[in-house]
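Trainee: Spelled out, the chains give:
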Amino acid sequence: MILSFIRRFSNAILLLWIISIIAFWLSKLTPGDEVMDYLSIDDPRYNINSNPLELQNAYLQIAHRRGLDLPMFYWSVSPGYYPKNVNLILPLDERKSLKSWIDQTKNGNGSLLLHDQLKSGLQTYCPISNSLAAHDVLCQHFNSALKTNDLKLLQNNMLAVKEALLKDTIAIPEITNQLSLILLSCDQLLEQGNSDVATTWLPLIEWNGTHNQYHQWMSGLLSQRPLTSLVDGLNAWTKIFDALKWTLLLNGLAFLLAILLGVGIGIWSGAHDGMPLERIINWILFALFALPSFWLGTLFIYSLTSGEWLSIFPSGGLGSYQRAGSVIEKWSILFSHLLLPVMCLTLGALAYVSRQMKQSVLHQMEQPYVKALRAQGISERTILKKHVIRNALFPVITIIGGSVPALLSGSLIVEVIFSIPGMGRLMYNSLLAHDWPVVFPVLMLGAAITVFSYVLTDVVYKWADPRVKTV
Amino acid sequence: MITSCKTGTDSSTPLAVSVRLPIEPETLNPLFGKSSYVTQITSLILLPIAEYDPVSLKLSPLLITEMPVAEKVTEGKHIGGQRYQLHFRPEATWSDGKPVTTDDYLFTLKAIFNPYVTAATTRGFLNFISEVETDPKDPLHATAYVDSSYILALEVITNFNLYPAHLYDPQNFMSKISLDALRDPNKKWSVEQDTLLKQFATSFESPHYGREMVSGAGPYELDNWTTGEFIRLKKKSNYWGDKIQNAPLLIQGYPTEITYKIITDAATAEAALKSGEVDVMGDVSPGTFLKMKADSQWSAKFQFASPGLLQMNYLLLNNRKPILADKRIRQALAYCLDYDGIMNNLLQGLGQRTVGPIHPSKPYYDKDLKPVTQDINKAIALIKDAGWKDTNGNGIPDKIIDGKLQELSISIKITAQEEGKAIANILKENAKKAGIEINIEVLDNSQFNDDRRQNNFDIEPMRMRSQPAFDDPYQTWHSESDKPGGGNVSGFHSMAADSVINEIRTDASDQERDHDYHSLQEIIYKEQPVIFLYVPLERIIVSKKFEFRSSSRKPGYFENLFKRAA
Amino acid sequence: MKKEALSYYTLLPGWRSPLSLRLSWLFILIVSLIAILGPLISNEKPYMCRLEGRTYFPLFSGISEAELSTLYPSFSPVEWRSTSFESIWRAPIPYSHTTIDLASGSHLSPIASQPLSLRFRHWLGTDALGRDVLAGMIRGCRVSLLIGFGSMLLALLFGVPLGSAAAYWGNRKWRVSWIQVIETLIFFILLFIIWWLPFSVFLKYVLLILLIIALAMVFRFSRTIRSKQTGIPIDTIVMSLISIVDSFPGLFIILILLVILPVKGLLTVMMAIALLRWPVMARYMRAEVFKMKESNYIKAAQLLNIPDLKILKNHLIPYAFRPVMITFIFGVSSAILAESSLSFLGIGLPPEEMNWGRLLSQSRNHFDDWWLVLFPGCAIFFTLLSLYTIGNMLKKRVEQGIPDIHQIPLITE
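Residue numbers (the UniProt record's numbering), protein chains in the order written: chain A, 1 to 471; chain B, 1 to 566; chain C, 1 to 413.
Isolated chain A (complex conformation):
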C-alpha cells in the first residue's frame, strides 16, 4: 500500500518534470523577438537617431538580464557543420540570418567568419563620435547586411557599396580593403561550400551544463532565485497569489452553489420525471447551458447594472472594499460585486450538474434493490431519501474531482466581463504578452494540482474500494 503510494508519487514527479519540459519547449516555439518588443516604442519621434550599435548594446543588456544569452537546455543537438555556440548569438535576427547562410552553404566556420567581419565593421563605423557621413552610411549597410538572410543578395549589396565608395574620390583604402575581405569571404562561401564533408554526417551534441535557460526557469520555480514578471517587474508568485485569492473565492462560491442547487434540482426532477413543471425547468436549464457565458454575463451587466433597464448591482470590478470601515462592510461590498459573476458561472454549470444528478437518480430507481424496497411497501419518499440519493451522489463526487483543475483558470471569460483580477485574466494577459516568467509558474501550479489530485483520487478509491486492482 505505502509502496504503491510512493511509486505513484514518484511517477507524478516524473510526469511534472516532463510537463515542465513541454511547457518550456512550447514557450521557445512561439515566434517573435521579446527583446525587440520590449525595446521598441511606437512613438516615431524616438526613432530619430536610432544608432544600430547602441540599440544592439541595449538588446544584449536586456537579453542578458533575461538569461536569453544562455543555451536552452542541458545539451544541444545541431548538424555537424554548425560551429559551436551558434545558438548563443544575439540579436535573434542576426542569428537567424547566420543560420540561413550556414544552411545555404553547409560551411559553418566560413559563415561565422563573415558574420564576425560584418560585426567588426559595425563596431568600427557605428559609434556616434564618428560623425563622418560616409561612416554613417557604412554603419547602416553593415547593419542591414547582418540581417540579410539571402547570401547572394548580401554579396550584391556589398558589391554595390564598394563600387559607390570607389567612385567617390575620397575613398579610404582601409574601408575598401575591409569590404574586399568581406566580399572575398562571400565568394568563398558561395563557390566552395563546405570542404570538410565528413563533419556534416554526424549530429553535433554539446553538453551545456547547468548554466542553461531551462535550469534557470526550474530553479526560479523552486524559489532559488526570484521570478519576476517581464511586464512590470513584480515577483511572479506575488502576482499569482494575488490573483488566486479572487479566483478561488469566485469559483469556490460558484462551485458550491452549482453543486448544492444542481443536486437539489437533479433529485427533484429525477423524482418527478416527466411532469410538466419538470419539463419547463429542464428547458430553462438547457437554455442557460446553451447560452455562452460571455453572452449571459453581458446580459447581466447590460440589464441589471447599467440602468438601461435596472441598476441594482454594481457593474464589474471589486468595488472600494479597501476603504471599508469594518470587516462586515468589506465583505458586503465584495459579495455585492461577486454576486453576478458567481451567478453567471453557476447558471452555466447548473444544467450539467443537475442533469448528471437526474440521470443518476433515474438509474438508481431502476435498480433491483429499489424494486425490492418497493415490494416491501416502503414509500417512494423514503426510498428516495434513504437509499437512492446516497447511491446517486457518486457521479457528483466524480464531477467535483474532475473540476479541481478548472478552479484555477476556468473562469477567464467571466473575469474579463466583470473586471475581476483573477487567475484566468492573469494567465491570458501574461500569455499574450509572452510573459513566460509568470505563465510558467501558473502552468506548473496547475499541473501540480492536476497530477496530485489524480494520485490522490486513485489512492482514495483504492482505500475506499479494495476491489480496485493495482494496474
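Hints may be right or wrong, so weigh each one.
Quick look at which bits of chain C chain B covers, simulated, 3 or more residues with Cβ under 8 Å [as the list claims (entries may be wrong)]:
#	stretch
1	37-50
2	65-71
3	155-169
4	233-245
No farther apart than 27 Å at their CA atoms in a straight line, the calculated lysine-lysine pairs in the BS3-like style are these [as the list claims (entries may be wrong)]:
#	chain 1	residue 1	chain 2	residue 2
5	A	Lys-99	B	Lys-483
6	C	Lys-396	A	Lys-96
7	B	Lys-483	A	Lys-152
8	A	Lys-152	B	Lys-77
9	A	Lys-245	A	Lys-330
10	B	Lys-404	A	Lys-147
11	B	Lys-34	A	Lys-119
12	B	Lys-483	A	Lys-96
13	C	Lys-264	B	Lys-428
14	A	Lys-147	B	Lys-428
Source of the hints: derived by calculation from the structure; they are not laboratory data. Think of the CB as a built atom: it goes at the ideal place given N, C-alpha and C, for glycine as much as any other residue.
Dock chains B and C against the given chain A, drawing on the hints supplied.
Mentor: Positioned in the frame of chain A, the structure of chains B and C alone reads:
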C-alpha cells in the same frame, strides 16, 4: 460662481473623478511605459519643463518662466550651433518642498544617458542636445547647446519629464559622473563607476520606482495602485502650482482625487459609465457614442465631446515587395476601397478623410488635393496597364516577375483587434471587385511586430500619431530612414521627396516650409506609398457633474482640469 | 417484435419513437442539409447570367466580377447586384457570408424598412459590417457542425484506440522481447539522424521508407530469436499522456496552438479542440473496455486464440462504443460552445469566416441589435437540444436494449 471657479482648488470640498482605463499600465515610470495610458497618468505626476498646451497646442513653459529663444553660438566648441537659456520657476517644488533646480534637469538627462538604463530609443531623441551648462551661481539657470539646427530642437530640450534627483537617486550616484562622460561612446568606465551606473540603473528601473515611489513636480501623487483593479492619484497638499497666478493649464489641478478604474471590456465599461461608477470614458465605440448621445435618458446625464485626434489610420504597404513596388498596383488598391462605407459605418461619420501624411488640422495641409475615392474602373485599368492578365484561367490576374509567374495575390497581416479585422474584411471584398486577391492573416502582437521589423509583410493596417509640433517627415518618408529599426517601414524611396524633406527640416521661414510641405504631400499623393484611410474623431463621454475641456491631444480630456459643474 | 439486434442503427428513430426524437432528427437533418448545400442557397454569385448574348455560370465556373469587367468594358465595373444583365438567375439568398453591403448600411434591423428591393432584402438584418445575417446563419450551419463533429471525430480517432488499448493490454499483457525494444530504439535514433542530415526532402522520405522496411524485416527476423520478454506499460503511457494534456489549461493549449501552427483556420481550431477532448474519450473507452474484458465472453474469445486486435475490433469496441457515442454527442455541443467563446476572445477562426458564435459575440458590443442574438442563439439552442435528446434516447436504448454483457451467448464467426 465665477470667483469660485477662479480660485478653483478649494481643497476643503473634495472632488473625485474616476476614469476608465482599458489597459493596465505596466509601470508609472514614463521612460519605460509603452502604452499611451502611462503618459496619460504620469503627465499628472511628473512634468516636463515645457509641454504642448491642451488648448493652444503651442509648446508653453511649465517649470521654466518662459520659452527659451535660440541664440547663435559664435565662439567656443559649439560654434555654429544654437544656445538656449533655461530659467526655472523659483516657485516650483517637489512633493517634499525642495525646489526644482537645474540639478534635477541634469540628473534626468544623466539618468536617461546611463548606458545601463534601457532607454536607447529616448537617448536617440535626446542626442540632439550637445551639452548642458549649469550656472554655479544660480541653481535656477542653465544653458543648453544644440550643434545642428533642427526644427524640433526646442522640443528636444524641453519636452521630457523631470525626475527629482534627491528622490530617485538618494545615494547621489549620478552626481559623481558627468553628462559629457555618459554621452561619450568611447568612454571606458572604471570598475567603481561601472558598478555605480549599474546600481543606479537597476534601482531606477525597479518596480519600486515604477509603482510605489512615483513622484514629480506635477499636481498629483500616487496614492494607491491595486493591481488589476485601480490606480488612485491624490492631489498634493500644499501644491506649489496653486499659488501661481495665471498658471498654465497643465500645472493646475482641481480634483482632489483621480481614480483610474481598470475595465478591459468595452461593454462593461459602458455599463459602469451609465451607472455612474465611472465619470469619464474615452475611446468609446462610435456606435455607442452616437446612440447614447441620441438617447434623452443619457444625454441628460452626460456631455459628449468629439475633438479631432492627432492620429491617422492608414494601410501600410510594403513597397519593397515586387507586386507593390509598382505604383499602379498601389494606386489600384487605393481606388478599390469603399471609403464612404468605411466612414459612414465603421466610424459612423465621426472622422474625416486625409490626402497624405499631414494632419488636416495643420495649417500647411494641402487643401487642393482631393482624397482618393472608390473607382473600380480606374483600378481595373491600372492593373491592366501594369501588365497583369489572367493567363492560367484561375480567375486571378498574373504576371511574370523576375522569371516567375506571380498571381496578383496580396496578404494583409492584422492582430486580433476588431478595427483591423473590419478594415481587412472590407479591403478583401472591395479588392475582389478589381480582381486582386487579398489573404487575411491574423497574428499575435509579437509576431506582427516582428514581421514588420523584418519587412516580412505586404499590407498592415496602422495608425500614425502626429504631434502638435511641425511634422518631421524624415522619419517616415526619407529613403535614409529605410533601414533596420528605421521609421520608413513602407520602404518608400523617392529622390524628389528626399530633397523636399531635407529642405523642410532646415527651412527658416514659414512660407518656404509651407510650400515644401505642399510639394511633399503632392509627391506622396501621386506615389501612394501607403493608403491613407481617415482621421478619426475621439469620442469622449463625461458625466455632467463636471465641467471639462476637450482637446485634440490624446486622450482628448485633461483630468486635472475637471471642475464641479455650476 | 423481434429483439433488436445489436447494431449501430438503434440510434435512428423508429416508427414508435417519441415525437421529440423525430423532431430532433429532423432538425439535425435540416441543419446538415443546409450545411452541405450552403453555397447554393446563399451566394452573391448568380447560378447563371447572360451578357451580350453569352451565358455564364459564375457560381459553378467561378468567373468573377473583375473578369467580366475586363471582358465587357462597357459594363465595367460589373457587379452582381447592380449591373443590368440580359437575364440572371440568382441564388435564393443573393448574399455570401462574406459579402459586405455597406451601401445599405450596417446594423440593419430585419423589421426596419431597408433601402432595397424585396429580392435583395436582408431578411434577418445585417451585422456591424453590413453582412447579411441570414447568409451568416447558413454559413454557420456548416462551420459550427464542422467544428462540432470534426473536432469530436478527431478526438474519437485518438481517444478510442488509445483508451481501448490501454484498458485491454494494461501494463503487462503486451509482451515483446528485449531485442525488439532495442531495435525500435535504434530505429528512432536513426530517424532522428535522418531528420538532421542536410539531405533534400525527397531523399529524406526515401530513406525514411527504407528505414521502415528495414525495421519490419528485422522485426520479423528477430521474432525467431528467443530472448527475455518485457511488458510494455501501455496503460501507464496512455494515462500519462492524458494527465499531461489535462495539466495544461485548455485556453493555453488553444492559444499556443493558434500561435505556433503555421496553417490557421478551421482545421487548426478543430485540432485544438480535439486535442483538448480526446482524453475524455480515451477515459470513457478505457473504463468501458476495462469493465468488459473481464467477462467470460471475452475470456472465451481469448481462449479460442482469436488475435487480440480482432477481439478488440469485433467484440470490444462495438460494445464499448455506444456509451462513448453519448460523450461524443455531448462533446459536439460543447465544442460549438467552446468555439463561440474563442470568438469572444477574438481568436480562432479567420476574420472573414462566419458562424453562429461569431454573430452572437458581435451582439455583445451592439446590445440593441436583437437580431444578432435571437437567431444565432436559437440555432445554438436547438442544435444542442436536438443533440441532447438524441444522446439521451441513445443512452436509454443502450441501457435497456443491451442485456447484461455477461449473459450474451458466445458468438462465433
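Trainee: Each of the hints needs a verdict: does it hold here or not?
Mentor: Hint check:
1. 37-50: Check failed, 0 qualifying residues.
2. 65-71: Contact hint for the stretch 65-71 of chain C vs chain B: holds, 5 residues under 8 Å.
3. 155-169: Result for this restraint: violated, n = 0.
4. 233-245: violated (count 0)
5. A:Lys-99 x B:Lys-483: holds, 21 Å
6. C:Lys-396 x A:Lys-96: Since the Cα atoms of Lys-396 of chain C and Lys-96 of chain A sit roughly 60 Å apart, the hinted pair is violated (cutoff 27 Å).
7. B:Lys-483 x A:Lys-152: holds, 19 Å
8. A:Lys-152 x B:Lys-77: Roughly 46 Å separates the two Cα atoms, so the pair is violated.
9. A:Lys-245 x A:Lys-330: holds, 15 Å
10. B:Lys-404 x A:Lys-147: The given pair, whose Cα atoms are some 25 Å apart, holds under the 27 Å limit.
11. B:Lys-34 x A:Lys-119: At roughly 30 Å apart (the allowed maximum being 27 Å), Lys-119 of chain A and Lys-34 of chain B break the hint.
12. B:Lys-483 x A:Lys-96: It holds: about 18 Å lies between the C-alpha atoms, which stays within 27 Å.
13. C:Lys-264 x B:Lys-428: holds, 17 Å
14. A:Lys-147 x B:Lys-428: violated, 32 Å
Comparing the model with each earlier hint shows violations of hints 1, 3, 4, 6, 8, 11 and 14; every other hint is respected.
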